[in-house]
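Sequence lines, in order, name chains L and E. Here the first sequence is numbered in the numbering used here, starting from 22 and rising by one per residue. Here the second sequence is numbered in the numbering used here, starting from 22 and rising by one per residue.
Don't take each hint at face value.
Copies of the same chain are indistinguishable here, so a pair counts whether it falls within one copy or spans any two.
[To be verified] Mimicking PhoX-like on lysine-lysine, the simulated pairs with C-alpha atoms at most 20 Å apart in a straight line are:
1. 28 - 282
2. 276 - 331
3. 250 - 282
4. 296 - 101
5. 276 - 40
6. 93 - 296
Read the hints as simulated data drawn from the structure, not as lab findings.
2 protein chains.
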Amino acid sequence: MKIKCSKSDLLTGVNIVLKAVPSKTTMTILECILIVAENGIIKLIANDMEIGIETRIDGEINENGIIALDAKLFSDIVRKLPEGDISIETGENFTTTIKCMKAKFNLPGKSGEDFVYLPEVKKDESITISQYTLKEVIRQTIFSISDNDSNKLMKGILFEIKDNRLTVVSLDGHRISIRNIELRKNYGSRKLIIPGKSLGEINKILSGEVEKEVNIFYTDKHVLFEFDKTIMVSRLIEGEYFEYNRMFSKNYNTKVIINRKEFIESIERSTLLVKEGDKKPVILGIEDEIMEVRLNSTIGSMNDFINIQKEGASLQIGFNPKFLIEALRVIDDEEIKIYMMNPKEPCFISDDDKKYTYIILPINFNTVR
Amino acid sequence: MKIKCSKSDLLTGVNIVLKAVPSKTTMTILECILIVAENGIIKLIANDMEIGIETRIDGEINENGIIALDAKLFSDIVRKLPEGDISIETGENFTTTIKCMKAKFNLPGKSGEDFVYLPEVKKDESITISQYTLKEVIRQTIFSISDNDSNKLMKGILFEIKDNRLTVVSLDGHRISIRNIELRKNYGSRKLIIPGKSLGEINKILSGEVEKEVNIFYTDKHVLFEFDKTIMVSRLIEGEYFEYNRMFSKNYNTKVIINRKEFIESIERSTLLVKEGDKKPVILGIEDEIMEVRLNSTIGSMNDFINIQKEGASLQIGFNPKFLIEALRVIDDEEIKIYMMNPKEPCFISDDDKKYTYIILPINFNTVR
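Let the hints inform the model, and build the full structure from the sequences given.
Right, here's the structure in full:
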């Protein structure tokens with residue numbers, strides 16, 4: 022193999038596929054980035070068996086070929102080379118020479134014979150959304166997946182396609198995050214449970230521009246994201262997702278309208294009194310026009326007051342402060358609406374159009390102050 | 022005690038004294054920040070027994086008093102309070118109430134009876150330099166102290182005052198860093214060995230402005246830095262510092278003039294082939310007008326060429342790449358001059374005015390390529 026490309030193009034490509042290089046693996050070949058120069062196209066490939074990424078880079082092929090290079094070393098070298106054209110040439114025993122200006126590296130390479138290529142994904146069914154929307158919706162739901170191995174479904178995020186709507190859902194047994202996105206046309210019904218980890222990695226690669234698109238292809242086993250010069254394939258989590266709709270209730274006894282930023286800051290303040298690993302609830306004392314935010318722990322006590330608009334009954338209700346903060350942080354509205362039934366039933370944070378719904382279970386607390 | 026001050030003033034003060042709060046200590050009182058409100062002055066104090074810091078903050082005293090508050094908790098709270106006036110009031114059993122706008126914290130405090138105040142330092146002898154100069158000179162020498170406990174002198178930085186010159190020296194047995202600073206007037210001769218750790222902490226506090234000054238007072242046991250609203254006291258390391266001047270030599274066989282940035286980048290590239298903990302030298306092959314930078318390791322090999330100006334003999338010489346990089350990084354000159362005798366004697370990197378001299382011992386290497 023003998024190729025030439027610009028440092029910046031190569032570095033961009035390397036940084037993309039690096040996201041699919043496993044940090045730990047028993048298959049040492051997967052610690053490599055595979056460079057494939059064939060049919061006039063230079064591709065970089067990496068695969069950790071859960072996700073695989075393939076990206077094209079612009080360049081000149083002087084001799085077709087394939088080489089596998091240690092991903093960490095290769096990426097470090099590309100990063101540290103001067104700006105300019107980089108040439109990569111393989112020799113005897115897959116020894117590889119990387120040249121840029123007056124700098125030259127010689128590295129051992131591997132044939133790549135035992136490299137695991139990306140699975141073939143049939144391109145029958147797909148939806149198209151903007152990179153911006155995909156990036157946003159991942160950020161707005163990924164925090165409430167479970168990192169617990171006991172239920173693999175909770176480690177995934179549901180992408181439910183129905184008519185012209187994409188509903189994205191994550192839940193961990195204590196809370197549910199739901200986002201609704203309007204699609205540009207109607208599609209057949211389909212539920213995909215995509216591993217949260219895969220979505221976390223693609224989120225790092227997406228540029229997030231509104232004008233750029235992502236085509237999402239899916240089969241029963243896999244999902245394929247196609248954008249810019251890159252494709253990423255992830256396996257899907259198999260199984261029947263939770264009937265999260267059952268949690269919905271149209272009734273409430275207390276409705277609160279509150280400034281989101283003030284609310285976050287007040288809860289954050291209260292968490293200073295919670296020791297790592299402790300499960301102290303923050304207690305909301307909802308009265309007419311004012312809400313008390315308070316927390317008592319062995320470290321000390323805090324209370325704070327926030328002006329609110331209230332409809333319905335007064336209420337004392339306790340929450341895991343982390344759950345409230347994480348949901349509030351991914352909402353963009355300046356003012357939010359919270360719907361509550363009683364101190365034991367979940368609260369709903371939702372906008373009037375139901376573009377988002379965050380459901381959080383309360384925590385019991387001792388009402389003696 | 023009852024005081025009131027602005028959040029920003031209090032936070033600035035807290036961040037300064039935090040540098041003297043020990044991360045580990047058997048004296049729990051030292052985990053506190055002491056607040057002293059007396060004689061119309063509010064002071065914050067912290068002390069880890071090696072360094073002690075005291076800073077004044079503007080504010081209003083409604084009732085004199087002293088209170089010790091857990092440093093981490095208190096600083097976290099101040100940081101998270103809204104912008105506005107903060108009032109701190111102590112009650113029964115040293116319970117302390119911190120209020121800001123509608124937010125209120127109640128914390129347990131301590132009397133501070135067993136707090137260790139800063140040692141008294143006589144203000145007989147002192148020099149004055151700008152904050153900028155002190156900050157720069159610490160940065161330019163602190164990297165070559167030793168973190169090895171076997172020789173405590175090597176953990177300090179020498180401040181040698183003589184006539185109108187301050188010479189700052191650090192060394193670790195493999196290299197020496199020397200900086201010379203011209204003082205505004207003549208002073209009596211004095212050698213201070215200041216712990217590197219103390220200088221590292223003061224470096225984080227100094228604003229580094231050219232117009233602001235630092236008064237440095239010293240006795241046989243202590244050094245006191247006075248700047249802005251802050252004083253910091255550090256103990257000195259006792260003993261006789263190394264006669265670093267003996268290392269100087271006026272002779273050289275090879276002199277190289279090289280672009281500093283190109284040289285750093287080339288050495289950095291070579292270190293990609295060195296495994297953590299390995300001691301592979303980078304080898305400089307000095308010829309007329311060109312210098313080869315090369316490194317061979319089990320990972321691979323690299324060579325690079327840099328245009329230079331050379332006087333004297335050609336030379337092959339090996340160095341610990343880290344030592345070269347660290348010295349080169351703290352020099353500001355675009356072009357630097359390196360003086361060498363032979364592959365076994367130290368090289369000197371120095372400017373014509375001897376404002377700086379960096380001496381580095383070479384490493385033996387196998388000349389077979």
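For each hint, the structure was consulted:
1. In the homo-oligomer, the alpha carbons of residue 28 and residue 282 lie at most 20 Å apart only across protomers (19 Å), although the nearest pairing inside one protomer, at 43 Å, exceeds that limit.
2. Proximity of residue 276 and residue 331 under a CA criterion of 20 Å is satisfied intra-copy only: 6 Å inside one chain copy versus 80 Å between copies.
3. Taking the shortest alpha-carbon separations for residue 250 and residue 282, neither the intra-copy value of 39 Å nor the inter-copy value of 34 Å comes in at or below 20 Å.
4. Taking identical chains as interchangeable, the C-alpha atoms of residue 296 and residue 101 lie at most 20 Å apart only when they sit on different chains, with a minimum of 16 Å there against 42 Å within one chain.
5. For the identical chains of this complex, residue 276 and residue 40 are neighbours neither inside a copy (43 Å) nor across copies (46 Å), given an alpha-carbon limit of 20 Å.
6. Taking the closest pair of Cα atoms, residue 93 and residue 296 come within 20 Å of each other only across two copies (12 Å); inside a single copy the shortest separation is 38 Å, beyond that limit.
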